[in-house]
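Protein chains in written order, with my numbering: chain A, 1 to 193; chain B, 1 to 193.
The hints are simulated quantities; they were obtained by calculation from the structure and are not laboratory data. We treat Cβ as the ideally placed atom computed from N, Cα and C, and that holds for glycine. Each hint should be verified, as a subset may be incorrect.
Per label pair, the in silico range of CB-to-CB distance [said to hold, decoys possible]:
no., chain 1, residue 1, chain 2, residue 2, range
1, A, Asp170, B, Phe103, 27 to 35 Å
2, B, Ser150, A, Glu162, 36 to 44 Å
3, A, Ser150, B, Ala140, 34 to 42 Å
4, A, Arg20, B, Ser150, 20 to 28 Å
5, A, Asn158, B, Lys157, 23 to 31 Å
6, B, Phe103, A, Ile186, 15 to 23 Å
7, A, Glu12, B, Glu93, 31 to 39 Å
8, A, Ala154, B, Lys164, 40 to 48 Å
9, B, Lys23, A, Lys102, 24 to 32 Å
10, A, Gly101, B, Thr72, 16 to 24 Å
11, A, Lys23, B, Lys157, 48 to 56 Å
12, B, Lys164, A, Arg20, 21 to 29 Å
13, B, Lys23, A, Ala140, 29 to 37 Å
Heads up, incomplete: computed chain A residues facing chain B, CB under 10 Å, no partners named [claimed, not checked]:
no., residue
14, Ser76
15, Leu92
16, Tyr95
17, Cys117
Stretch-level coverage of chain B by chain A, calculated; a stretch enters the list once three of its residues show a Cβ under 8 Å from a Cβ in chain A [said to hold, decoys possible]:
no., segment
18, 36–42
19, 48–55
20, 68–76
21, 91–104
22, 108–117
Number of protein chains: 2
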Amino acid sequence: MKLPEVVIRLPEWVGPWIERSPKTFPAIEDRMGFVVELSRQNIRRQTGGPFAAAVFDMNGGLIAPGVNTVITSNCSILHAEIMAIALAQQTLERYDISDGGKFSFELIASTEPCAMCFGAIPWSGIRILVCGARSADAEAIGFDEGPKPSGWVAALKNRGIEVKRNVMRDAAALVLKEYAASGGQIYNPGSTT
Amino acid sequence: MKLPEVVIRLPEWVGPWIERSPKTFPAIEDRMGFVVELSRQNIRRQTGGPFAAAVFDMNGGLIAPGVNTVITSNCSILHAEIMAIALAQQTLERYDISDGGKFSFELIASTEPCAMCFGAIPWSGIRILVCGARSADAEAIGFDEGPKPSGWVAALKNRGIEVKRNVMRDAAALVLKEYAASGGQIYNPGSTT
Chain A
1 MKLPEVVIRL PEWVGPWIER SPKTFPAIED RMGFVVELSR QNIRRQTGGP
51 FAAAVFDMNG GLIAPGVNTV ITSNCSILHA EIMAIALAQQ TLERYDISDG
101 GKFSFELIAS TEPCAMCFGA IPWSGIRILV CGARSADAEA IGFDEGPKPS
151 GWVAALKNRG IEVKRNVMRD AAALVLKEYA ASGGQIYNPG STT
Chain B
1 MKLPEVVIRL PEWVGPWIER SPKTFPAIED RMGFVVELSR QNIRRQTGGP
51 FAAAVFDMNG GLIAPGVNTV ITSNCSILHA EIMAIALAQQ TLERYDISDG
101 GKFSFELIAS TEPCAMCFGA IPWSGIRILV CGARSADAEA IGFDEGPKPS
151 GWVAALKNRG IEVKRNVMRD AAALVLKEYA ASGGQIYNPG STT
């Protein structure tokens, strides 16, 4: 039996694009601004859906970015948050990036996480989740956030994970609207029955 | 900036081991028996945690197996179900393996899915989920299933995904007990606060 492999890899433009970006991102708006622009570039360069994320350290240093590549990778797992988490763990060489609670890394997400990415956060060692657009903004253009518990923010807080919402929400939601206006594909297999 | 990659890859022993397995698995117990033995081999060969999964077609043909490699890959995303889904999508060359509802693929999981894997199922195009051990069996040896909604089975059914539980539960739970008895690592960063 031939066993396939899947490579979790950023699109080729991301490396040079990051080289031209600031080296650190001191303010939360700097970090969210970077992630929102990453989501915009991902749709303009046609490498995936209108979602981006990134893991930062407590000094505003970028550890790993992620973009949605579901369609271009033929892989429904490859949401932006999943990619950012997996690449951050690879960079830091540990599956719990907090290293048993010693370090506080932050995940910035251009849109609030779907049910899968929400469930992935507690396993990652992420200590702070910062969201731009709301789930309602993604749903407004036809995306499905999945069967996420209505108390998802409290569920993360109960696990010691801080959640900040609505950070540059309008700017983040604008990318979703741009994607819809450009005729971008709203993939949504879960809701077909 | 050096951009890392993560390869979703089965341990090396899996290919030869599958070559020695039956070519099809007609009964549900054949399929679960294969997956439970896969989870046992994963701990005995020390390539990951006590969890396995596989995607089968409606004729009992194996599309893609998955095993937990969180510790050996340094990647908290690489639960067995995530690996099986990603590899099945790679094999079938589409992110919605149902292809818009035309095909009914089944995911067999040695233990009920955690919050992340539960959330991943609706995006995958899986139409039938079959579980062996219960979440309570994983929790009994110290694993954490995460913030999964209490109505998770109904949530999947509402999306047209059939769920069958307790298939060879005792045999599946025995592997969890073997893992705990052998001193296997119970990784659990999410619950540390």
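Ascending list of hint numbers which this structure does not respect: 1, 2, 3, 4, 7, 8, 9, 12, 13, 18 and 19
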